[in-house]
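Work out the full structure, taking the sequences as your base and the hints as a guide.
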Amino acid sequence: MGQLRNTILARDVLGIEILEWAKKSEWGFKLLKHRLWTAAVIVVIFLTALYSLPEEYFIALLVPVLLIAAWEWSNLAQIKKTYFQVGYLTIIFVLICAAGRALNFFGTIDFDSGKMILLFAICLWLLNLIFIKQYPSRIALWSHQHIFSLIGALMIVFTWVSIVVILGHQQGRLMLVLSILIVVAADAGGYFGGKLFGHHQLSPTLSPGKTWEGFACGLICQIPVTVVFGHFFPHSQLLETLIFLVIPVALFSVLGDLFESMVKRNSGFKDSSNLLPGHGGLLDRFDGYMAALPLFGLLILFRPI
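For the sequence shown, counting from 1, position 270 maps to 270 in our numbering; every step adds exactly one.
It should be emphasised that the hints constitute simulated quantities derived from the structure, not laboratory data.
Don't take every hint at face value.
The calculated SDA-like cross-link candidates involving lysine to any residue, where the alpha carbons are at most 25 Å apart (straight line), are [to be verified]:
1) K133 with C123
2) K195 with T205
3) K33 with L196
4) K115 with F197
5) K270 with P208
6) K80 with G268
7) K80 with L275
8) K80 with I151
9) K195 with P224
10) K270 with G198
11) K115 with K80
12) K115 with Q145
13) K33 with Y191
14) K115 with E55
15) K270 with R285
16) K270 with V177
17) K195 with E213
18) K133 with A153
19) K115 with Q134
20) K133 with P224
21) K270 with H146
Structure representation (structure tokens):
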């Protein structure tokens, strides 16, 4: 009798577990569907704007988009007063204009100035890496509202500068698409690789969902990106491109992802906003690009393709 009761209990528990798994799977599928639809719309809008508008107009169009991301960052920075938020966005807009002037935006792009700005960007991201490594013991180094706001402003301005520099390349539009493909491959490989094979967490404190297995899959996914790259740039060496350009940029995209995870965790936010269904906010989509694009822009300046 006791054995029968235990069997029934085990069956009931197993049934509950299966039901919970089914519910989670159904919810996960719906979320993935929302993510894919949103991503598809973003891709269509992005490519249409990139290839139909003059480069100057496209770059100018990015400014209000980045200011929306800046508004999300102001929320993470706990800037609560509307007039302070407007002031913060105004400062970032002025910094973008100053960077555009330094780059000679309306003439021939000054790549020397671009190189210096992007070097500062890489230094900032290496500093962010130190913050990640020391989290949560050294939160005070960066979590003060003024420092936190400054970091966000610089990241957004550096992202805009990197796009200007990349589009200044002889095949700028194609280079920008390829730089984005690197981040997409790292992100998609990390997500699906983590779901299928993930067992060892990459950063349990900051992002429990990210795994070393997913990280490895994200790097493996860079191989087809490099092959695509080689198709459009036949004179480039595939292995050299993979090692010195594609993989470093993919690694930086993960750095950007982890940094935003740290920022959101410290601020008590799950997403930067609910602007994009299935994704969260613009920062939740831009985090990897904000770290990867400056490195990509810098590498193609130092090592022309």
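Consistency of the hints with the structure:
no.: 1; hint: K133 with C123; result: holds, 15 Å
no.: 2; hint: K195 with T205; result: holds, 18 Å
no.: 3; hint: K33 with L196; result: holds, 18 Å
no.: 4; hint: K115 with F197; result: violated, 39 Å
no.: 5; hint: K270 with P208; result: holds, 13 Å
no.: 6; hint: K80 with G268; result: holds, 15 Å
no.: 7; hint: K80 with L275; result: holds, 19 Å
no.: 8; hint: K80 with I151; result: holds, 18 Å
no.: 9; hint: K195 with P224; result: holds, 21 Å
no.: 10; hint: K270 with G198; result: holds, 22 Å
no.: 11; hint: K115 with K80; result: violated, 35 Å
no.: 12; hint: K115 with Q145; result: violated, 29 Å
no.: 13; hint: K33 with Y191; result: holds, 14 Å
no.: 14; hint: K115 with E55; result: holds, 20 Å
no.: 15; hint: K270 with R285; result: holds, 13 Å
no.: 16; hint: K270 with V177; result: violated, 29 Å
no.: 17; hint: K195 with E213; result: holds, 9 Å
no.: 18; hint: K133 with A153; result: holds, 22 Å
no.: 19; hint: K115 with Q134; result: violated, 29 Å
no.: 20; hint: K133 with P224; result: violated, 31 Å
no.: 21; hint: K270 with H146; result: holds, 22 Å
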